[in-house]
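Model the full assembly from the supplied sequences, consistent with the hints where possible.
Chains as they are written, first to last, in the numbering used here: chain F, 1 to 247; chain X, 1 to 302.
Any given hint might turn out to be false.
Which stretches of chain F does chain X cover? Using the computed rule of at least three CB atoms under 8 Å from a CB of chain X, they are [as the list claims (entries may be wrong)]:
1. 7-19
2. 82-96
Just so you have them, the derived chain F footprint on chain X, three or more residues with Cβ under 8 Å [as the list claims (entries may be wrong)]:
3. 69-79
4. 92-99
5. 154-162
No lab work stands behind these hints: they were computed from the structure.
For glycine and all other residues, C-beta sits at the position ideal for the given N, C-alpha and C.
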Amino acid sequence: MSARVLRATTWIEAKLFLREPMTVAFTLALPLIFLFVLGGVFGNTPNPKVYGGHGPLDFYVPAYLGLVWAAIGLLALPVHLARYREDGVLRRLRASAAPAWTVFGSQALVAAAIALAGAVFVVAGAALAYGIHQPRSPVGVAGAWLVAGIVFTAIGVLLACVPTSRGALGAGLGLFFVMMMLSGSGPPFEVMTQVMRDISNVLPLTYVTRILQAPWLGNPLHWSDVAVALGMALAAAIAARSAFRWE
Amino acid sequence: MEVVIAVDGLTKRYGGTTVVDGISFEIGRGEIFGIIGRNGAGKTTTVECLQGLRRADGGRVRVLGLDPMTEAAELRRHIGSQLQESSLPQRIKVWEALRWFASFAPNARDPQQLIRQWGLEEKRNAHFSDLSGGQRQRLFIALALVNDPELVFLDEMTAGLDPAARRTAWDLVREVREAGTSVVLVTQYMEEAERLCDRVAVFERGKIVALDTPGALIARHAQKITVRFSAAEHGLDWLAGIAGVSDVSRRNSAVEVRGSGPLLAEVGAALVQHGIRPPDLRADMPDLEDVFLTITGKRSDE
Numbered sequence: 001m002s003a004r005v006l007r008a009t010t011w012i013e014a015k016l017f018l019r020e021p022m023t024v025a026f027t028l029a030l031p032l033i034f035l036f037v038l039g040g041v042f043g044n045t046p047n048p049k050v051y052g053g054h055g056p057l058d059f060y061v062p063a064y065l066g067l068v069w070a071a072i073g074l075l076a077l078p079v080h081l082a083r084y085r086e087d088g089v090l091r092r093l094r095a096s097a098a099p100a101w102t103v104f105g106s107q108a109l110v111a112a113a114i115a116l117a118g119a120v121f122v123v124a125g126a127a128l129a130y131g132i133h134q135p136r137s138p139v140g141v142a143g144a145w146l147v148a149g150i151v152f153t154a155i156g157v158l159l160a161c162v163p164t165s166r167g168a169l170g171a172g173l174g175l176f177f178v179m180m181m182l183s184g185s186g187p188p189f190e191v192m193t194q195v196m197r198d199i200s201n202v203l204p205l206t207y208v209t210r211i212l213q214a215p216w217l218g219n220p221l222h223w224s225d226v227a228v229a230l231g232m233a234l235a236a237a238i239a240a241r242s243a244f245r246w247e
Numbered sequence: 001m002e003v004v005i006a007v008d009g010l011t012k013r014y015g016g017t018t019v020v021d022g023i024s025f026e027i028g029r030g031e032i033f034g035i036i037g038r039n040g041a042g043k044t045t046t047v048e049c050l051q052g053l054r055r056a057d058g059g060r061v062r063v064l065g066l067d068p069m070t071e072a073a074e075l076r077r078h079i080g081s082q083l084q085e086s087s088l089p090q091r092i093k094v095w096e097a098l099r100w101f102a103s104f105a106p107n108a109r110d111p112q113q114l115i116r117q118w119g120l121e122e123k124r125n126a127h128f129s130d131l132s133g134g135q136r137q138r139l140f141i142a143l144a145l146v147n148d149p150e151l152v153f154l155d156e157m158t159a160g161l162d163p164a165a166r167r168t169a170w171d172l173v174r175e176v177r178e179a180g181t182s183v184v185l186v187t188q189y190m191e192e193a194e195r196l197c198d199r200v201a202v203f204e205r206g207k208i209v210a211l212d213t214p215g216a217l218i219a220r221h222a223q224k225i226t227v228r229f230s231a232a233e234h235g236l237d238w239l240a241g242i243a244g245v246s247d248v249s250r251r252n253s254a255v256e257v258r259g260s261g262p263l264l265a266e267v268g269a270a271l272v273q274h275g276i277r278p279p280d281l282r283a284d285m286p287d288l289e290d291v292f293l294t295i296t297g298k299r300s301d302e
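Written as C-alpha cells, this is what we have:
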C-alpha cells in the first residue's frame, strides 16, 4: 500500500521536476560548466605539488559528484518543499491518506535520480574531453555516492524547515557557495589559508568530497570522515523531525 | 441513527483567543450536516480538528469511532477533505492529480469518471496553474471524493463557482450522499445550506447558537412573511386589521404587508372581498438568511 503511494508520488515528482527547466539547468548544467572551465584551465596533467600528485580532473570529477548532490540538497529540494508549504500543497497532502514519509521518500528518490544523471554527465564529459582515469574502486565510489545522498537529503529536509521558499533559497545559496569554494570543488586544501581550512573542516561537503575522492583516486578511506558525514546527516534529520511544519 | 461524528466540549485556542468554545454535536451516517457562520466564527477550525489537522485544546472528538489526533493515519483512509487555502503543484495536470490521489486508497473511484462528473474533461491535460478558480475548486472536490470516503468534509466548496456550477455541485453532493457518504458542509451561502443540508449548526464566536433542520430553524426563528402586490386603489387601511398582520407599507402602487401565520391566504381572501384582484400577488417566505439575522443580529456576509 505505502509502496504504491511512494511509487506514484515519485513518478509525479519526477515529471514535475522535468517541467521546471530552471531547476533542471541549474542542477545538471552547473557541474558541467565547472568541469569545462577548470578542465580548460588545468587540463588533466598531474602536478606533483597539488592534488596529491593526481591529475586535476581526476581530483575534481569525484568532487563534482558531491557538488551535484550539494546543489540538490541545498537548493532544489529545500526550495521545492518550502514552496509546497507556502502554496498549501503540504497542507493538502497532509489531509490525504498518503503517509508522511512517502512525501520525503519520493523527494529522496527523485533527488537520487537527478544526482545520478548529473554524475553520468560529469563523468562522461570528463572521460570524453579530458580522458580522466577510471575510478580505482567503482563499488567504493558507489558507496560514497550513497553516503553523499544521505547527507544532502537530510540537510535538504532540514533547510526545507525554513518557512518560506525565499528564505530557504537564501540560506541554501549561501551554504552552497561557501561549500562550492571551500569543500574541494574549488581550490585544493593544500593551497588554502588557515581560516579557509577551519571553515572547510566544518562543512559537510568537505567530508563528502574526501569520501568520494578516496575510492576514485585509490587513496586510503578515513572511516572518521564517513562517521562525521553520517553524524551530520543524523543531526540534520533529528533537527528536521522536530522543526518541520506542514503549514 | 449511527453516529459518524461525536463532538463533546471541543475547545481550541490560538494564543489567548478562544476560537472554538466548548461545542458539542453529533452527526449521523448519511447526513448532510451544514456549518454556517461568518468568517472567524470557528467553522474551519472545528472541521480541521475533526480531520486531525489541528490539535484540540479540550473536549472529546470521535470521527468514525477514531480519535483524529492519535489515529489520524487510519482516519484519513476513510474520509475525504476539501480544504480552504490548499493547493497542488503548479505544473501537475488534472488527470495526474486525480490518479495520484487515487493511488492513496485501495478502493479508489475511477478518476476518469470524476473528471467527467465534475466537468473537467476539457481541462484534463491542463496544468493546475492554468485552471480558473472554479475549475480548481471542482478539482479539489473531485480529489476529496476519489478515495470513495465514508465521510467527506467540504469547506466552502462552492466558493468561486458561478451559479450554474454551484447548482451542479449541489446535485452531485446529493448523489454522493445517496451513495451512502456522510457530508460535513461548511458554507457562508445560506441558500446552499438551506437547499442541501439535513441539519444546520449556526456558529457564532466559537459557539453553536442554533442547531436543527433548516425548516425547523426557520419556523422557530423567522416567522416573518412578506406579502407583496400592486394596487392603484387608495384607502387600504383595512389590511392592518387582517389576522397576523404586523405592518403595512406602500410606495406608489407597490404594497407590502408583513406578518406571520397563513398570511398570503388571509391577504388574498381580503383583497378579493374588497374587489381587488392584483395579478402580481406573491409572498416572500423567510429563509435561513432571516434565521441568521435573527439569531446573530447580522447578515451572513457582514
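Chain X covers the stretch 82-96 of chain F, three or more CB atoms within 8 Å, holds or violated: holds (count 9)
Coverage criterion applied to the stretch 69-79 of chain X (partner chain F; beta-carbon cut 8 Å; 3 residues): holds (count 3)
Residues of the stretch 92-99 of chain X with Cβ under 8 Å from chain F, three needed, outcome: Per the Cβ count (3), the hint holds.
Cβ contact check, 8 Å cutoff: the stretch 7-19 of chain F against chain X, three residues minimum: The restraint on the stretch 7-19 of chain F holds, since 7 of its residues have a Cβ under 8 Å from chain X and three suffice.
Coverage of the stretch 154-162 of chain X by chain F, judged on three or more residues with CB within 8 Å: Check failed, 0 qualifying residues.
Hint compliance for this structure: hint 5 is the single one not met.
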